[in-house]
Amino acid sequence: MDFDRMRNYLLPCLLFLALGAAWEILAVFSGWSPAVFPGPRLAAKAAWELIANGTLLKHSVASLFRVTVGFYLAVIFALPLGMILGWWKTGQISANALIQFLRPISPLAWIPLAMLWFGIGDKPAIFLIFLSSFFPLLVSTITAVNHINSLYFQVAANFNFTRIEILSKIIFPAILPSILPALRISLGIAWLVVVAAEMIAVKSGLGYLILDSRNALRMDYVMDAMIAIGLIGICLDRVISQLNKIKSVSWGSV
Amino acid sequence: MGHILIQDLTKTYLRRGGVAWQFNSEADPVADDELLVLNHIDLEVYDGELVCVLGPSGCGKTTMVRIIAGFERSTSGNVIIDGNEVTGPSSDNIFVFQHNGLLPWLTVEENVRLGLRHMKDRREQAERVSEYIDIVNLSGFEHQYPHQLSGGMQRRAELARALVVNPEVLFMDEPFAGLDFLTRLKMREEIINMHEYFKKTVIFITHDIDEALVMADRVVVFTDRPATIQLDLALGFPHPRDFMREPDLEALRRDVYVGLGVHYAL
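So the sequence lines, in the order shown, correspond to chains X and G.
The numbering of the first sequence is my numbering, which starts it at 1 and goes up by one.
The numbering of the second sequence is my numbering, which starts it at 1001 and goes up by one.
Read the hints as simulated data drawn from the structure, not as lab findings.
Virtual Cβ for every residue (Gly too), placed ideally from N, Cα, C.
Please note that the accuracy of each hint is not assured.
Unchecked claim - Residues from chain X that keep clear of chain G, each with C-beta distances beyond 12 Å, as calculated:
(1) PHE16
(2) TRP23
(3) PHE77
(4) ILE120
(5) VAL155
(6) ALA156
(7) GLU165
(8) ILE170
(9) LEU176
(10) PRO181
(11) ALA216
(12) CYS235
(13) LEU236
(14) ILE246
(15) VAL249
As the list claims (entries may be wrong) - As a list, the in silico SDA-like pairs of lysine to any residue whose alpha-carbon atoms are at most 25 Å apart:
(16) X:LYS123 x X:ASN146
(17) G:LYS1120 x G:GLU1109
(18) X:LYS245 x G:HIS1147
(19) X:LYS247 x G:GLY1088
(20) G:LYS1186 x G:GLU1174
(21) X:LYS247 x G:GLN1148
(22) X:LYS123 x X:SER213
(23) X:LYS58 x X:PRO40
(24) X:LYS58 x X:LEU217
(25) X:LYS203 x X:TRP48
(26) X:LYS247 x G:TYR1013
(27) X:LYS58 x X:MET219
(28) X:LYS245 x G:GLU1174
(29) G:LYS1120 x X:ALA156
(30) X:LYS89 x G:TYR1013
(31) X:LYS245 x G:ARG1122
(32) X:LYS247 x G:LYS1186
(33) G:LYS1120 x X:PHE159
(34) X:LYS89 x G:GLY1088
(35) X:LYS45 x X:MET226
(36) X:LYS45 x X:THR68
Said to hold, decoys possible - For the chain G half of the interface with chain X, some residues (derived, Cβ under 7 Å), not all of them:
(37) PRO1089
(38) SER1091
(39) ILE1094
(40) PRO1104
Taking the hints into account, I'd like the entire structure generated from these sequences.
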């Protein structure tokens, strides 16, 4: 137990401390100007300002809102579509080329069109996040459905399942264990994309904070925003990996 | 009810790329691109019979039962259950699979409830589910997931799931595969008791000769592919059966072994 505790919490914290120490040493001895490479103490002071005046919270909430909406939209569309395409071979074969064509187009390439279509504000950012998560989720869902043990479909046929029941009571629960890692990865991608999206189309969010701070030459703020992005990223990952502990899902890891 | 009539059943598989893809096989007398698996099978199974189908590995036993159960189509010939031609799977004829057919994301109780999910009266449904879980001796394990059970318990849960819908016919395709020897013996006993109690028609596929002779009301022995019926024999011996005390059974056992090409195992 003690070793597990140490391995799970203490050692990761020590690594963070080591990174902080390396940062401090570099800042002190490199001779770079604090304006170009602020050390941790300067960043901490700036962080306190950002927290005290609510700026950091405001921007974090704005970013999280966009990621949440965009990601949920992607899940809502990609999962059912992937389940149907995975099950319906003709549809899958027909759609595959189109999916593989659209998938490698970076969400960032859509920025000009997104701004033109959706204007300025939350909408283009949400659209980009949706795009970034949609295709990985769709492809993972189709693959997961293709790998369902065919025995389960025979059981369903034997007990006279309807099509809807096959989708909801066989396909959906059967793919959950393999969909969770895909959700985790695409949420990570969504969080990557939000920062880029916010640098262009909006006046809030952590991406905007970075861009705005750069324009003001406040590298300490830039670093604080980066740290906030990383910390929120950890939290999002923790939240989504909790889903693995649901009992009707945990069979997949046996 | 539970009468099965099989008329002139034939099944051929297409070979893919010139290689038999369904079975590993040696020389074959049929056309180059086709693999004849079932060769004009006629068989009648009477109401409440426990029929064991024996045959060499890969002879088409499983194919035949899958066709009877409606999972596969025959190339020609008919299967008629209780006067109706089989066109697809139905919950009147439940298949117990060779490997674990329980849905792993459902608990034992939820798995057993599958066939009763349209029942309006929830209380009656719950009573029936727990009654059948009790019959297969799994009381106390209702809320466990299949992966938390032993192999024998998984088969028993699947049996409960099959019996709870009160099917006319039970198909069991080597349901004891992968179980250890002792569990296998106990499962045999449970199936025999279950059969004496419920009197369902059971078609039981196995390649274990002793298993078939100990359990069956009737044994049907297939030849090697293309499968035809080599032996079809009713066994009138009472249960529990003991080879030592039944010289006729012992003689039959010898014949079946020899018929399947084994001379030294005795």
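Against the structure, the hints come out as follows:
1. Distance check for X:PHE16 against chain G: the nearest CB is about 37 Å away, which clears 12 Å, and the non-interface claim stands.
2. The beta carbon of X:TRP23 is kept farther than 12 Å from every beta carbon of chain G, the shortest such distance being approximately 46 Å.
3. Even its closest Cβ contact with chain G, about 24 Å, leaves X:PHE77 beyond 12 Å, as expected for a residue assigned away from the interface.
4. No Cβ of chain G comes within 12 Å of the Cβ of X:ILE120; the nearest lies about 45 Å off, and the non-interface call holds.
5. Listed as outside the interface, X:VAL155 is inconsistent with that label: its C-beta sits roughly 5 Å from the nearest C-beta of chain G, within the 12 Å cut-off.
6. With 12 Å as the threshold on Cβ separation, the claim that X:ALA156 sits away from chain G is violated: the shortest Cβ distance comes to roughly 9 Å.
7. Non-interface call for X:GLU165 relative to chain G: violated, since the shortest CB-CB distance, roughly 8 Å, does not exceed 12 Å.
8. Distance to chain G contradicts X:ILE170 as a non-interface residue, since its nearest Cβ pair spans about 7 Å, not more than 12 Å.
9. Taking the minimum C-beta to C-beta distance to chain G, about 7 Å, the non-interface status of X:LEU176 is violated against the 12 Å cut.
10. Remark: the non-interface label on X:PRO181 is consistent with the geometry, its nearest Cβ contact in chain G lying 17 Å away (cut-off 12 Å).
11. Listed as outside the interface, X:ALA216 is consistent with that label: its C-beta sits roughly 53 Å from the nearest C-beta of chain G, beyond the 12 Å cut-off.
12. Residue-level check passed: X:CYS235 sits 28 Å from the nearest beta carbon of chain G, beyond 12 Å.
13. Here X:LEU236 stays apart from chain G, with its beta-carbon at least about 25 Å from theirs, past the 12 Å limit.
14. Against chain G, the non-interface label of X:ILE246 is violated: not every CB pair exceeds 12 Å, the least being about 10 Å.
15. The claim that X:VAL249 is not at the interface with chain G is violated, since a C-beta of that chain comes within 12 Å of its own (minimum 7 Å).
16. Taking the CA atoms of X:LYS123 and X:ASN146, the gap is about 34 Å. The hint is violated against a cut of 25 Å.
17. Distance check on the hinted pair: G:LYS1120 and G:GLU1109 sit about 17 Å apart at the alpha-carbon level, within 25 Å; holds.
18. Between X:LYS245 and G:HIS1147 the CA atoms are separated by roughly 15 Å; this keeps the pair inside 25 Å, and the hint holds.
19. For the suggested pair X:LYS247 and G:GLY1088, the alpha carbons sit about 34 Å apart, so the restraint of at most 25 Å is broken.
20. At roughly 15 Å between alpha-carbon atoms, G:LYS1186 and G:GLU1174 fall within 25 Å of each other, so this suggested pair holds.
21. This hinted pair checks out: X:LYS247 and G:GLN1148 have alpha carbons roughly 11 Å apart, not beyond 25 Å.
22. Restraint check for X:LYS123 and X:SER213: satisfied, since their Cα atoms lie roughly 23 Å apart, inside the 25 Å limit.
23. A distance of roughly 23 Å separates the Cα atoms of X:LYS58 and X:PRO40; the hinted pair therefore holds under the 25 Å criterion.
24. As the CA atoms of X:LYS58 and X:LEU217 are separated by approximately 21 Å, the hinted pair is consistent with the 25 Å bound.
25. Taken as a hint, the X:LYS203 and X:TRP48 pair is honoured in the structure, with Cα atoms around 22 Å apart against an allowance of 25 Å.
26. For the given pair, X:LYS247 sits about 42 Å from G:TYR1013 by alpha-carbon distance, which is inconsistent with the 25 Å threshold.
27. A hinted pair counts as satisfied when its Cα atoms are at most 25 Å apart, and X:LYS58 with X:MET219 qualifies at roughly 19 Å.
28. With a C-alpha separation of about 34 Å, the suggested pairing of X:LYS245 with G:GLU1174 is violated against the 25 Å cut-off.
29. Straight-line distance between C-alpha atoms of G:LYS1120 and X:ALA156 comes to about 20 Å, which keeps the hinted pair within the 25 Å bound.
30. Distance check on the hinted pair: X:LYS89 and G:TYR1013 sit about 22 Å apart at the alpha-carbon level, within 25 Å; holds.
31. Taken as a hint, the X:LYS245 and G:ARG1122 pair is broken in the structure, with Cα atoms around 29 Å apart against an allowance of 25 Å.
32. Taking the CA atoms of X:LYS247 and G:LYS1186, the gap is near 31 Å; set against the 25 Å cutoff, the hint is violated.
33. Proposed proximity of G:LYS1120 and X:PHE159 is supported: the alpha carbons are some 17 Å apart, at most 25 Å.
34. For the hint linking X:LYS89 to G:GLY1088, the alpha-carbon distance of about 20 Å falls within 25 Å, and the restraint holds.
35. For the proposed pair X:LYS45 and X:MET226, the alpha carbon gap of about 15 Å is at most 25 Å, so the pair holds.
36. With a C-alpha separation of about 30 Å, the suggested pairing of X:LYS45 with X:THR68 is violated against the 25 Å cut-off.
37. Interface hint status for G:PRO1089: upheld, as the beta-carbon distance to the closest one in chain X is roughly 4 Å, under 7 Å.
38. For G:SER1091, the shortest C-beta to C-beta distance to chain X is roughly 5 Å, which falls under 7 Å, so the interface hint holds.
39. The beta carbon of G:ILE1094 comes within 6 Å of a beta carbon in chain X, closer than 7 Å, and the hint placing it at the interface holds.
40. The criterion of a C-beta within 7 Å of any C-beta in chain X is met by G:PRO1104, whose closest approach is roughly 4 Å, and the hint holds.
In summary, the structure is inconsistent with hints 5, 6, 7, 8, 9, 14, 15, 16, 19, 26, 28, 31, 32, 36 from the numbered list given earlier, while agreeing with the others.
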